[in-house]
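First to last, the protein sequences are chains V and R. Residue 433 in this note's numbering is what sits at position 416 of the first sequence, and the numbering runs on without skipping anything. Residue 400 in this note's numbering is what sits at position 383 of the second sequence, and the numbering runs on without skipping anything.
It is possible that some hints are incorrect.
Identical chains share a label here; the pair holds if one copy fits it or two copies do between them.
[To be verified] No farther apart than 16 Å at their CA atoms in a straight line, the calculated lysine to aspartate or glutamate pairs in the EDC-like style are these:
1. K260 to E197
2. K439 to D247
3. K201 to E145
4. K240 to D271
5. K240 to E554
6. K600 to E370
7. K568 to D407
8. K104 to E93
9. K226 to E377
10. K201 to E549
11. K528 to E546
12. K226 to E50
These are computed hints drawn from the structure, not numbers from a lab. Please read all numbers here as calculations on a predicted model, not as lab measurements.
2 protein chains.
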Amino acid sequence: MTYQEKLSGIRRQMLNDKVDAYIIPSADPHISEYLPDRYKCILFASGFTGSAGTLVITQDFAGLWTDARYFVQATEQLHGSGFELVKLIAQGSPEYTGWLAGNLNSGDSVAFDSNLISLQLSQTIHNELSAADINIVENKDYLDSLWEDRPGLPASPAFLLDDALTGETVPSKLERIQRELKRKRADVHLISSLDDIAWVFNIRGADVKCNPVTLAFALVSPKVTELFIDIAKLSVNDRARLKSWGIELRPYQDVYTAAAAVSSSSAILIDPKRTCFALYRQLPAEAKIIQDTNPSTNFKAIKNETEIANIRDTMVRDGVALTRFFRWLEEAMVKEEQTEISVAEKLYTFRAEQDGFVGESFDTIAGYAEHGALPHYKATIESDSRLMNDGLFLLDSGGQYLRGTTDITRVVSLGNITQEEKTDYTLVLKAMIEGSTAHFPKGTKGYQIDAITRKPLWDHLRNYGHGTGHGVGYFLNVHEGPQVFNASNLLIDVELGMVTSVEPGIYRPSKYGIRIENLVLTVPDQSTEFGEFYTFETLTQFVIETEAVDKQLLDTKHIQWLNSYNAEVFRKLSPFLQGEDLKWLERKTKAI
Amino acid sequence: MTYQEKLSGIRRQMLNDKVDAYIIPSADPHISEYLPDRYKCILFASGFTGSAGTLVITQDFAGLWTDARYFVQATEQLHGSGFELVKLIAQGSPEYTGWLAGNLNSGDSVAFDSNLISLQLSQTIHNELSAADINIVENKDYLDSLWEDRPGLPASPAFLLDDALTGETVPSKLERIQRELKRKRADVHLISSLDDIAWVFNIRGADVKCNPVTLAFALVSPKVTELFIDIAKLSVNDRARLKSWGIELRPYQDVYTAAAAVSSSSAILIDPKRTCFALYRQLPAEAKIIQDTNPSTNFKAIKNETEIANIRDTMVRDGVALTRFFRWLEEAMVKEEQTEISVAEKLYTFRAEQDGFVGESFDTIAGYAEHGALPHYKATIESDSRLMNDGLFLLDSGGQYLRGTTDITRVVSLGNITQEEKTDYTLVLKAMIEGSTAHFPKGTKGYQIDAITRKPLWDHLRNYGHGTGHGVGYFLNVHEGPQVFNASNLLIDVELGMVTSVEPGIYRPSKYGIRIENLVLTVPDQSTEFGEFYTFETLTQFVIETEAVDKQLLDTKHIQWLNSYNAEVFRKLSPFLQGEDLKWLERKTKAI
């Protein structure tokens, strides 16, 4: 079935239902960012593979709203699909609601699948559209009937992590949540988000590519904790451990009836950003709904000492794998043809040799030359470029390890780079250094770190269209909240123990792209008469390319930082390297 | 009557009315920042002279909530008054509502004077207190009966400005507002804020010290524009001009009945931050209330070409006055005793010589040594310090001129300054330069400029407890919105044509304070493939002290900026100076 045929199929059902517009978001019933195949609705309907976007379909228009990271990619992928690209001004903002309000008539109807819309998004849509007298039709899945062989729910095994890995027992985590419920005067707490469930129950799985989560819901109250999960995923031993902590195991789908059965006199805490509208609708209408961030989201962002020690360890392993990879790449390019896909596959094998490696934390972005300008590029068989001894190669990759999650971007010169490439590379490096060496008072928000990081680029009238950094999970999702370093006015403090990426970039479409990314841990700095200050410890341990650096553009302090960072990388990785690998690292980490 | 007696008098009335807590905010019926004497309620009740704060009184507690700028001052001024200082965490935040919710009992009552509470604040109070089951009692003025000789409403003359001064006629401004009303689907617009009225009607007055405004309200609809003002303030000629533009003049107090008489089927636009609750209550309950920033607030922030040309002119005049003053100060300190008050008075006379000078734009802050550490210090007869040839002297002052409003802070060494003073001075200068030379993409918010400005201080674990900058009016209030450079997450773009201050500082209580402040205009920078960039043009023209600079702490670009700024100051001011003044400026603007 072509995309055009699918579009016609959707439009036929809309006509039948007298629905004037249909919204297809990028989500699942857990409002995940990365989706199980069953919920890759945008890919199914339009062919767009990006991780963020929304389709809106009327009888005479079909559009994909997505952000600057995907403009080039979307233009290519949507070609011939019947969908047009609509460029978002602000990443993640539901700007299509304004379009709907402006383009539909009073009395028209808009439909969506309520399992794929968060409560918060449903409220935004409702507010925008009701002002324009447009109705909402819930619970419409127009894809299912068109989707032959639609994948079922994933059923990968799940497993509990030892306390030596997590640093905190499940009962301790549940107790902290109970205290928070009390503080918020909530009787019941419904958790839908998969990374929250993974953290609370020290459980991991493989239901979603790159995200080591398992599909489940949880209901927590002072009386009972219920975990809604396909029990077949769990070993007998793990089932017994969960039960020993007073946790009741119930079938996955039962969460809908369990939600409906919550006492109507209770106060229920749910996270409106991470609970689907369909499940919210199940809750008793008379109950008091407290809408707030899941307590576990805030708890898990602050890594404990065990997690931090394990992450530091894992960063060394990841750096060793990258060292072997880049050393191999230099040699391999001489011997035989290498492409973006072939090197990404090879990188996987180097990581897989490392103890505790589970899988990739996201699809490797291996972007040679102009492909580097697509911040979320994933090479396909059609696009796959051969790496030549010419220009820049961007590699953004990460691993899921039992002892932590990594996410690192490096750009290397493959030869003959231009002065413009050098300048851009050096300015991005300067921005990365400024961001990750910042000193800042307690209470600083992500938007302040973002501004400080961007300044070296702004000074040269350059900028990038994505955020500066995202929170990173512990053997969990590579993107996690609540903190984010970007220009949005989100009021979340940068707190001690948070792990966040710092990844400025410069992208020159059809030429090249540069991004340099390290993960940093918020640590205490000094307290002075001006207050308590924090700073960052860089966690990522892998050499930063110096060949592309134009020293003129750096201050002494930046050069000192770069040299001391590379020296530390050598100190930490060298005990695990031998022979040519060791020599290569020694050469690459030489001071400039 | 002592403050303790006044407090007893208030508490007696509370008992009578069965009111458990009484709130006294710092405001008038126009929700002004600077108040006519009649509305200086906090000063009357507690003796505190700061421009921001709230009194909250119960039978067993009386507190002043104010922010870090006033901690030291409030502690001194409240001594023996019966009021305790409660330190605000966030400037301007109504944190006392949390205290009330926590300290009162369910069923208790809180009262206030509805003329002195904005609609927005009333909503915040209502939300916080209703959750705790606390009632609100409106329209209680407990000060009036205790206030012998309470000043009446001010009645200073008002006058219209020529178009050569304003650059835009009143009919043109009204037309722009009408267009905005149409866009927002509003039928009627009630304006309460005095600076908005001054801008819309090109009218100025002297009802409020330092703010050249006149007490008035306005009702704007497509049919009629009504100005509620004491007609005796206006010349016959100005009355005729206003009428010739179709503006009806009505008595000031009539606004309450006029508000009540608005058609109940209309949509009324009011600014919830700048309309008092009492007036909101007069509007028909059935009317649709559109709560949004006054269109004129956004319009007047963008200075037109006439205004900008006039401001540039005025900055030179102000710089000439400051040159004469500082030259005089050097000589005068040798000849006779000079104090904070005597020099502030002398400064006034130098400004008064300048063409178009109307008065001060705020009370001069002349802070010698430790008094400089109080960011909003105003010398009193008791506190007045003699200036000695030792340490730092901070002078923050500004003028109202027919062609613009100035606001400038300089710190000068009077001799024997320490290395700590030099270091702090240089870091503040560096921060000021970083902020006012920033390049930033269109769409940048004030919180991003704030972070960039603070970074040089954060790098050295220093900080300041106030915002980095505020909007400045054109021959209008020295503080005006909508933009602000501070850490709050206000979503206001820094737009072309805005005039804002950049004024970082470092304060060492009981030692000294440093603040360096220039006004800057947002101007276009280049457009690149990364978007449209803006930057700032520095408007303020007066030498920046170089004696206190420690060059080691500055990069070459900062030293270059400083030298070229001082050179430009000399170029611009020298044509208006002779003899010793000219020699003094030549010496002070020498490159370092």
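Query raised in the report: Given a CA cutoff of 16 Å, do K201 and E145 count as a within-copy pair, a between-copy pair, both, or neither?
Result: between (30 Å within a copy, 15 Å between copies)
**Report entry** Homo-oligomer pair classification [D407, K568; C-alpha up to 16 Å]
**Finding:** Neither: 21 Å inside a chain and 43 Å across chains, both beyond 16 Å.
Query raised in the report: Under a CA distance limit of 16 Å, which applies to K600 and E370: within one copy, between copies, both, or neither?
Result: Classified as neither: same-chain Cα gap 20 Å, cross-chain 76 Å, threshold 16 Å.
Requested in this report: Tell me, please, which holds for K439 and D247 at an alpha-carbon limit of 16 Å: within, between, both or neither?
Outcome: neither (53 Å within a copy, 68 Å between copies)
Query raised in the report: For K528 vs E546, is the C-alpha pair at or below 16 Å within one copy, between two copies, both, or neither?
Result: Answer is between; shortest inter-copy Cα gap is 13 Å, intra-copy 49 Å.
Query raised in the report: Given a CA cutoff of 16 Å, do K201 and E549 count as a within-copy pair, a between-copy pair, both, or neither?
Result: neither (28 Å within a copy, 45 Å between copies)
**Report entry** Same-copy or cross-copy closeness of K240 to D271 [CA-CA at most 16 Å]
**Finding:** neither (18 Å within a copy, 62 Å between copies)
Query raised in the report: Should K226 paired with E50 be assigned to within, between, both, or neither, using CA atoms and 16 Å as the limit?
Result: This pair counts as within: shortest intra-copy Cα distance 11 Å, inter-copy 56 Å.
Query raised in the report: For K226 vs E377, is the C-alpha pair at or below 16 Å within one copy, between two copies, both, or neither?
Result: within (8 Å within a copy, 66 Å between copies)
Query raised in the report: What label fits K260 with E197 when the C-alpha limit is 16 Å: within, between, both, or neither?
Result: neither (23 Å within a copy, 63 Å between copies)
Query raised in the report: When no copy is named, should K104 and E93 be tagged within, between, both, or neither for a Cα gap of at most 16 Å?
Result: within (14 Å within a copy, 57 Å between copies)
Requested in this report: Since the copies are identical, ignore which copy is meant and state whether K240 and E554 lie within 16 Å (CA to CA) inside a copy, between copies, both or neither.
Outcome: neither (41 Å within a copy, 64 Å between copies)
Against the hints set out earlier in the document, violations occur for numbers 1, 2, 4, 5, 6, 7, 10.
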